[in-house]
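Work the whole structure out from these sequences, hints included.
Protein chains: 2
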Amino acid sequence: MAIEWAGSPPELLLALDRDAAGTLRSQLETGLRDAICGGRLKAGERLPSSRELARQLGVSRGLVQECYGQLTAEGYLCTRAGSATRVAPIRVHRPAEPGTRPPPPRLRVDFAAGVPDLASFPRGDWCWAQREVARTASNADLGYGDPRGSEVLRDVLAGHLRRVRAAVVESEHIVVCTGFAQGLNIVLRTLARRGVRRVAFEDPGYGDGTTMAAAARAGVEAVPVPVDALGLDVDALDASGARAVIVTPAHQWPTGVVLAPERRRALADWACERGALIVEDDYDAEFRYDREPVGAVQGLAPDRVIGIGTVSKSLAPGVRLGWIMCPPGLAVAVAEDKRLDDRGSPVLDQLALAALLESGRYGRHLRHMRPVYAGRRAALVDALARHAPGVRLTGLDAGFHAVAHLPEGADERHVVGAARKRSVGLYGMSTYRASGAAGPPQLVLGFGDLGETAVRDGIAAVADLLVY
Amino acid sequence: MAIEWAGSPPELLLALDRDAAGTLRSQLETGLRDAICGGRLKAGERLPSSRELARQLGVSRGLVQECYGQLTAEGYLCTRAGSATRVAPIRVHRPAEPGTRPPPPRLRVDFAAGVPDLASFPRGDWCWAQREVARTASNADLGYGDPRGSEVLRDVLAGHLRRVRAAVVESEHIVVCTGFAQGLNIVLRTLARRGVRRVAFEDPGYGDGTTMAAAARAGVEAVPVPVDALGLDVDALDASGARAVIVTPAHQWPTGVVLAPERRRALADWACERGALIVEDDYDAEFRYDREPVGAVQGLAPDRVIGIGTVSKSLAPGVRLGWIMCPPGLAVAVAEDKRLDDRGSPVLDQLALAALLESGRYGRHLRHMRPVYAGRRAALVDALARHAPGVRLTGLDAGFHAVAHLPEGADERHVVGAARKRSVGLYGMSTYRASGAAGPPQLVLGFGDLGETAVRDGIAAVADLLVY
Chain A
2 MAIEWAGSPP ELLLALDRDA AGTLRSQLET GLRDAICGGR LKAGERLPSS
52 RELARQLGVS RGLVQECYGQ LTAEGYLCTR AGSATRVAPI RVHRPAEPGT
102 RPPPPRLRVD FAAGVPDLAS FPRGDWCWAQ REVARTASNA DLGYGDPRGS
152 EVLRDVLAGH LRRVRAAVVE SEHIVVCTGF AQGLNIVLRT LARRGVRRVA
202 FEDPGYGDGT TMAAAARAGV EAVPVPVDAL GLDVDALDAS GARAVIVTPA
252 HQWPTGVVLA PERRRALADW ACERGALIVE DDYDAEFRYD REPVGAVQGL
302 APDRVIGIGT VSKSLAPGVR LGWIMCPPGL AVAVAEDKRL DDRGSPVLDQ
352 LALAALLESG RYGRHLRHMR PVYAGRRAAL VDALARHAPG VRLTGLDAGF
402 HAVAHLPEGA DERHVVGAAR KRSVGLYGMS TYRASGAAGP PQLVLGFGDL
452 GETAVRDGIA AVADLLVY
Chain B
2 MAIEWAGSPP ELLLALDRDA AGTLRSQLET GLRDAICGGR LKAGERLPSS
52 RELARQLGVS RGLVQECYGQ LTAEGYLCTR AGSATRVAPI RVHRPAEPGT
102 RPPPPRLRVD FAAGVPDLAS FPRGDWCWAQ REVARTASNA DLGYGDPRGS
152 EVLRDVLAGH LRRVRAAVVE SEHIVVCTGF AQGLNIVLRT LARRGVRRVA
202 FEDPGYGDGT TMAAAARAGV EAVPVPVDAL GLDVDALDAS GARAVIVTPA
252 HQWPTGVVLA PERRRALADW ACERGALIVE DDYDAEFRYD REPVGAVQGL
302 APDRVIGIGT VSKSLAPGVR LGWIMCPPGL AVAVAEDKRL DDRGSPVLDQ
352 LALAALLESG RYGRHLRHMR PVYAGRRAAL VDALARHAPG VRLTGLDAGF
402 HAVAHLPEGA DERHVVGAAR KRSVGLYGMS TYRASGAAGP PQLVLGFGDL
452 GETAVRDGIA AVADLLVY
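Chains A and B supply the protein sequences, listed in that same order.
Heads up: the first sequence begins at 2 in the working numbering, then just goes up one per residue.
Heads up: the second sequence begins at 2 in the working numbering, then just goes up one per residue.
Where hints are given, some of them may not hold.
Since the list can't tell identical chains apart, any single copy or any two copies may satisfy a pair.
Here are the simulated DMTMM-like pairs of lysine to aspartate or glutamate, each with C-alpha atoms no more than 20 Å apart in a straight line [what the hints assert, rightly or not]:
{"no.": "1", "residue 1": "K314", "residue 2": "D147"}
{"no.": "2", "residue 1": "K314", "residue 2": "D126"}
{"no.": "3", "residue 1": "K43", "residue 2": "E171"}
{"no.": "4", "residue 1": "K422", "residue 2": "D412"}
{"no.": "5", "residue 1": "K422", "residue 2": "D465"}
Just so you know, these hints were derived from the structure itself, not from any lab.
Okay, here's the thing in C-alpha cells:
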C-alpha cells in the first residue's frame, strides 16, 4: 500500500546540473522517470506540488507543470482534478527476495507462553504518562543522558523493588536496559571481563537459545544444571565448576517450580562461599496465586546477586524496558557496558514508567490483572480435569504458564504436531531441555494472552491427544 | 527526596511465619523496623494504610495499628492526623560509595557538538503521535514483534529515505535500532561474522572511542585513514587493507568537510572492486545551508553500503531511535544480530515516529529548525569575524558544528583549559585524532543547543584566547 504522506510530503531529492548539456526540463523529466522506475517513488505516492518542487529546485512552476504533464501522458503519473499528482499504478519488475518465508498459518488457539494479555495493556495510562512526561521533562532529559538511565526512574524503581521484592538496592546500582535479552548480554559480557569463564543455566530452561546465544556472544561457556521438583539442583551447580548461574527462582521457566526455601539458602551460600554470582531473572514475580509472597533472592545476598527485571510481563513486551540491579562493585562496569552498547535506553519511556510507578497506576494495573490471570488459570485446571482427567498440571503457583504431564510413553512431538493440524498451538518440554530430547513427556501451556473461553476451547479440541 | 507514592503505594513485602515462636505482632514490628533500618523504606516514604497491610497479611487491623503506634513511639514512624503514616526522618548510616564522581562545574556557554536544540524538541507532536499510537496500535503490535522493527515504520522510513536521501531501499532491508552506537555494534559484529578482519575509520573521527570500542567488542581491527579538505582519502583507504570503512560523507565528523563528488565515486568504486563494504553514517544530512543537496552514498552502490541514520539530531538523542539500511544480502544477518542483542526496539516509539513522518510533522519540524540553526551559524561567523578576525572557520556547509582554525603555534589544550576557567566549554580537534595529538591547532565548535546570544557571548568571552 502506498504511504499516505499527509501535509507536505518529504522533499524529493533531485539534482539539476545547470552546467550540463541537457535542458533543465529534460533533466527534471529524466530524474522523475528514474525515481519512479528505480522504485524511489512507489505507485500511488504523492509527488510534491508543482509550486513546492519549483521552489525547491529554483525553476519556474510552469517547467515543473510541463514535466508532470509529459510524464502523465507517458503513463508514469496520474492526476485528478483537485487532487495531488501521484505515481500511476505501473508495475516495476522486482526480483523476488530470497529467504523471505511465508507467514506461518494462523492458529485458532495458541498456548505459547511468555506473553501477557496484550489486550489489557493500559493504553490510557501509558498515554497519560507520555503526556505528563512531554509536559514535565526537562530539556536536558532529552539529550544523551546517564547511560544507567534516568535518575528519576532509577529512584522510583529502587523504592518499588525494595518494597515489593524486598530487594536491597539503591538507585545508583540500577542500570535501565531494553529487556531481559539485553540485560543478560550486558551482564555476561561484564562477567566475562571479570574473568568468569563458565556460566550455569537451568535445564529445562530457555529453549530459544537465549542463554546459549548470549554466552557465546560474551565468550563464556554455558553449562546446563538440572532442575527438579524443588528448583535448581545446587549440588549439581557446585559440581559444575561454574562461577555464575542464571536462575528464575520466583517461577522457574519453564517448569513453573518455585525455588524451595532450603535451595534459596543453599544457592546464596554457594555464591558467598565460591565467590560466585547469581543472575536472578525475576520472572513472573508479579503474579502469584495461592502461596505466600517470596522476596527476590537478591535480598538474601545483595553482594552476590545481579537481578534482572522487565515490564514485558507486567505491561507488554513491546514497551522494551527492563533493569539490572547490580552488586555495588559491579555497577560501574555494567553501566559502562550499557554505554558502549547503545548509549542508554529511550528517556521518555523511562520517565513514563516512573510516572506509572509513582502515581500508583502500575500497581493498580497489576491488581486488575491478577484476577484475570487467576480466572484463566482456573479455566485451564477445569478444562483439563473435565476433558483430560489423567493429565496432571504443575507449576501453577505464579505467572501464566503451567506444565501438563502427559501419560508415560506419550510422544510429545506427535501430540504437538497433531494439535497443530487442528490449529491449536502446543509446545513440548523437550524443546526447552538442553539435550533437546528425552525426559518425561510434558507440555508447557501458556495462558497469559488467551481468554477463558479460548483456554477451554483449546483444551477441548486437543484433549483426546493428551490422554493417549 | 522521598518518593511520593500516589494512590496505593506498592505492596510492602513482609513475611509472617505462623509456625514460628514469636507472636505475629512482634514479627511484624521486627519486620517493619528492619525494613526501615535496612533502607528498604526511606525517610518520608508512605507506609501502607493499616487496613491495606492487615488485608495483605491476613491479620487484624488493630494489630497493625498497635505496631504502627509502637514504632511511632520509638521514633521510626511519624503520623499526622488525616495523613498517611510515614517513615520518620531518621538517619541511617550508609557508607559512602566509592567511585562516584562529583558533577563537573556548570558551564556558562558550552560549545559541545553533536546535540541539537533540545528546547525545540516537538513535544506537542510527540505527544500527539503517542496518543495516536495508543489509540490505533493493534494488540499484536504490543507483543514481541519482528526484531527488524515495526513494518509500518520500516515502510515509511524506506519511502522517506528514497525521497529525501535518494536511497535505494525497500522496507525489508531496514532494521530499526536504538541509535548509532547500537547500529554500529550490530553492523561490525555482522561484518566480523562474514570474515571482515579490518575496518577503517576516518581520522579525525569519533574521539570518544565509539569506533574503536565497537571494533574491539566485535573483534575486528580498526585502522585510521586520513581525512583532507575533500574528505576521506580513498587511496589511503585502499592501501590500508581494510575490507570495510565507516564514513560520514554528508558532513564529516568532526572536520565538517563534505565528501567531494570525485571522492564519492572513488569510494563507491573501491567498495565494488574490492568487494568491500561502506558503513555510511548519514550524519547531519538533514541540515544543509548554502549548497545543493547531495544524496546518500548508499544510492550510488546499494549493494555495498550499509547506511545508519538516527533521529538524534533531527528530534533528540533521548528518543533513541535509528535505522540500519542493509544491502539485501546482509539484511537477514543484521536482523538476527538485532534479535539476539535486545529482541527489537520499543514498538510504541517506532509507531510514533512513523506517525510523525507520514503526517508531515517530522518534515515540518525540520523546516522549522533549518532557519534556527542557520541563525546560530550566522551568529558564530559574525562573532568570530568581530572578536577574533584572524580565526578561519570551515565545515559550515551542513549540520551544527564548525571548525575554527587557530593561529599556527597556538596551544589547543591551553586555549581549552583557559576557556574552561571562564566557564566556556571549548573542544580541541586533537581529542578526535586517532594519534591523540599533533596536527594544526583547531577547535570543534558546536552550536546546535546554543541560542544566538549564547554563541555571541561565548565567543566574546574567549576571543582573546583564540587570536593568540
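Those earlier numbered hints the structure runs against, lowest number first
Violated hints: none; all satisfied.
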